[in-house]
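Could you slot chain E onto chain S? The hints should help.
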Amino acid sequence: MRTLIYLAIGILFGITMFKSEAASWFRIYEMFKFESFHMYGIIGSALVIGIVMVQLIKRFDIKSFYGEKIVFNPKNKSFSRYMYGGIIFGLGWALAGACPGPMFTLVGAGYLPILVVIVFAILGTFLYGLLKDKLPH
Amino acid sequence: MDLLFTPWPWYVGGPVIALIMFLLLMVGKNFGMSSNLRTLCTICGAGNKADFFKFDWRSQRWNLVVVTGAIIGGFLASQFLSLDISVNINPETVKDLNSLGFESAGKAYLPTELFDNSVFTDMKNLVVLAIGGLLVGFGARYAGGCTSGHAISGLSDLQVPSLIAVIGFFIGGLVMIYLVFPLIF
Chain S
1 MRTLIYLAIG ILFGITMFKS EAASWFRIYE MFKFESFHMY GIIGSALVIG IVMVQLIKRF
61 DIKSFYGEKI VFNPKNKSFS RYMYGGIIFG LGWALAGACP GPMFTLVGAG YLPILVVIVF
121 AILGTFLYGL LKDKLPH
Chain E
1 MDLLFTPWPW YVGGPVIALI MFLLLMVGKN FGMSSNLRTL CTICGAGNKA DFFKFDWRSQ
61 RWNLVVVTGA IIGGFLASQF LSLDISVNIN PETVKDLNSL GFESAGKAYL PTELFDNSVF
121 TDMKNLVVLA IGGLLVGFGA RYAGGCTSGH AISGLSDLQV PSLIAVIGFF IGGLVMIYLV
181 FPLIF
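These protein sequences, in sequence, are chains S and E. Number 90 in the numbering used here belongs to position 90 of the first sequence; there are no gaps in the numbering. Number 14 in the numbering used here belongs to position 14 of the second sequence; there are no gaps in the numbering.
FYI, nobody ran anything at the bench for these hints, they're computed from the structure. Glycine included, C-beta positions come from ideal geometry on N, C-alpha and C. Treat the hints with care, as some may be off.
[As the list claims (entries may be wrong)] With a Cα cut of at most 25 Å, we get these calculated PhoX-like pairs of lysine-lysine: (1) E:Lys49 <-> S:Lys33; (2) E:Lys29 <-> E:Lys54; (3) S:Lys132 <-> E:Lys54; (4) S:Lys58 <-> E:Lys29; (5) S:Lys134 <-> E:Lys29; (6) S:Lys132 <-> S:Lys77; (7) E:Lys95 <-> E:Lys124; (8) S:Lys77 <-> S:Lys33; (9) S:Lys33 <-> E:Lys124; (10) E:Lys29 <-> E:Lys49; (11) S:Lys63 <-> E:Lys29; (12) E:Lys54 <-> S:Lys134; (13) S:Lys132 <-> E:Lys49; (14) S:Lys58 <-> S:Lys69; (15) S:Lys33 <-> E:Lys107; (16) S:Lys33 <-> S:Lys58; (17) E:Lys95 <-> E:Lys107; (18) S:Lys69 <-> E:Lys29; (19) S:Lys77 <-> E:Lys107; (20) S:Lys77 <-> E:Lys54.
[Said to hold, decoys possible] Listed below are several chain E residues computed to face chain S (Cβ distance under 7 Å; list not exhaustive): (21) Trp8; (22) Pro15; (23) Leu25; (24) Val27; (25) Ile43; (26) Ala46; (27) Pro91; (28) Glu92; (29) Tyr142; (30) Ile164.
Just chain S, with the same shape it has in the complex (with noise of 0.2 Å):
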């Protein structure tokens, strides 16, 4: 049952990744561009009601549809990991016009060479692994 809410959840997130074009490269280069409001309207309306439902939640305490508490994990403070590892996605981001959730949206949407993306994204995951301790966080 929870299986098949979190595959109904994703298929809205699909759908809603290549309907809102979030999932066109375009629609990002244009963002970096700052030609078009559209991605700042997606991000910046799904921030706005998100800021006002995470302090309601907090506020009055309310629970999940299974009446467990709503945890928060706040991030370890830092700044190199955010900035470097930021710099480092924004830059992949913008060529490859794709962050980790479209990727997959793409797949289904018939865009083969969007697997070189995936595996490449995969291997990138890894190095970052292997070198985890080398890094300043």
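Showing chain E alone in chain S's frame:
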């Protein structure tokens, strides 16, 4: 009905993403897609090479199911919920992309120069895709999250680390487009 077949404006896409985050929170999970890349490494046996991959990947099974849904969603949206998938970007952006050699700008969903199957015999653009993927995978794990984990989930919880990461995303993206693109395209 129109909304089902035409591209969604930002004020539909954004709120639905917020709804997805809400649903995941309500089933006790956190929205974050790049973790799946780590899980896939672990499934492939990366735990033998680095401790970072030593964890019970079954605890992340739910997220692999979400990502499987994302694949199915992409199939459904492109096959049954779209009439014209060309992305109507700013004419200025089209002009700009044309001058870089992207003739498909404004006429397709993805640049055919990079995402048509002919790229498999085009060494240069194949390398572009590979390096793009490598940077995304490496950077997302180094930063501890991607667009969903930091820009949506993390910022929604007003996390300073996520703000730093998102600023980093933009520095990287701008450097790529303004400084690197003119050199490679």
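Quick rundown of the hints versus the structure:
A threshold of 25 Å between alpha carbons decides the hint, and for Lys49 of chain E with Lys33 of chain S the separation of about 40 Å lies outside it, so the pair is violated. Straight-line distance between C-alpha atoms of Lys29 of chain E and Lys54 of chain E comes to about 21 Å, which keeps the hinted pair within the 25 Å bound. Simply put, Lys132 of chain S and Lys54 of chain E have alpha-carbon atoms about 14 Å apart, close enough for the 25 Å limit, and the pair holds. Taken as a hint, the Lys58 of chain S and Lys29 of chain E pair is honoured in the structure, with Cα atoms around 15 Å apart against an allowance of 25 Å.
Between Lys134 of chain S and Lys29 of chain E the CA atoms are separated by roughly 31 Å; this puts the pair beyond 25 Å, and the hint is violated. Of the pairs offered as hints, the one joining Lys132 of chain S and Lys77 of chain S holds, with about 17 Å between alpha carbons and a cut-off of 25 Å not exceeded. The hinted pair formed by Lys95 of chain E and Lys124 of chain E meets the criterion: a straight-line CA distance of about 23 Å does not exceed 25 Å. About 31 Å separates the Cα atoms of Lys77 of chain S and Lys33 of chain S, which puts this hinted pair outside 25 Å; it is violated.
The straight-line distance between the Cα atoms of Lys33 of chain S and Lys124 of chain E is roughly 24 Å, inside the 25 Å bound, and the hint therefore holds. For the hint pairing Lys29 of chain E with Lys49 of chain E, the CA-to-CA distance comes to about 28 Å; that exceeds 25 Å, so the pair is violated. Proposed proximity of Lys63 of chain S and Lys29 of chain E is supported: the alpha carbons are some 12 Å apart, at most 25 Å. For the given pair, Lys54 of chain E sits about 18 Å from Lys134 of chain S by alpha-carbon distance, which is consistent with the 25 Å threshold.
For the given pair, Lys132 of chain S sits about 12 Å from Lys49 of chain E by alpha-carbon distance, which is consistent with the 25 Å threshold. Only pairs whose Cα atoms come within 25 Å are accepted, and Lys58 of chain S paired with Lys69 of chain S is accepted, the gap being roughly 10 Å. In summary, the hint linking Lys33 of chain S to Lys107 of chain E is supported, as the alpha carbons are separated by about 19 Å, within the 25 Å threshold. Between Lys33 of chain S and Lys58 of chain S the CA atoms are separated by roughly 37 Å; this puts the pair beyond 25 Å, and the hint is violated.
A C-alpha spacing of about 12 Å is found between Lys95 of chain E and Lys107 of chain E, which places the hinted pair at or below 25 Å, so the restraint holds. Straight-line distance between C-alpha atoms of Lys69 of chain S and Lys29 of chain E comes to about 11 Å, which keeps the hinted pair within the 25 Å bound. Annotation: proposed proximity of Lys77 of chain S to Lys107 of chain E is violated, straight-line Cα distance about 44 Å (limit 25 Å). A C-alpha spacing of about 23 Å is found between Lys77 of chain S and Lys54 of chain E, which places the hinted pair at or below 25 Å, so the restraint holds.
Taken as an interface hint, Trp8 of chain E checks out: its beta carbon lies about 4 Å from the nearest beta carbon of chain S, inside 7 Å. For the restraint placing Pro15 of chain E at the interface with chain S, the shortest Cβ-Cβ distance is roughly 6 Å, inside the 7 Å limit, so the hint holds. For Leu25 of chain E, the interface hint holds, the least distance from its beta-carbon to any beta-carbon of chain S being 5 Å, beneath 7 Å. Because the closest C-beta pair between Val27 of chain E and chain S is about 6 Å apart, less than 7 Å, the hint holds.
Among the interface hints, the one on Ile43 of chain E is violated; its C-beta lies about 10 Å from the nearest C-beta in chain S, farther than the 7 Å criterion. With its C-beta approaching chain S no nearer than about 5 Å, Ala46 of chain E sits inside the 7 Å limit, and its interface hint holds. Residue-level restraint check for Pro91 of chain E is violated (minimum Cβ-Cβ distance to chain S is 9 Å; threshold 7 Å). With its C-beta approaching chain S no nearer than about 6 Å, Glu92 of chain E sits inside the 7 Å limit, and its interface hint holds.
Satisfaction of the interface hint for Tyr142 of chain E is found here, the shortest Cβ-Cβ separation to chain S being roughly 3 Å, below the 7 Å cut-off. Nearest Cβ of chain S to the Cβ of Ile164 of chain E: about 4 Å, under the 7 Å cut. The hint holds.
In terms of the numbered hints stated before, the structure departs from hints 1, 5, 8, 10, 16, 19, 25, 27, listed from lowest to highest.
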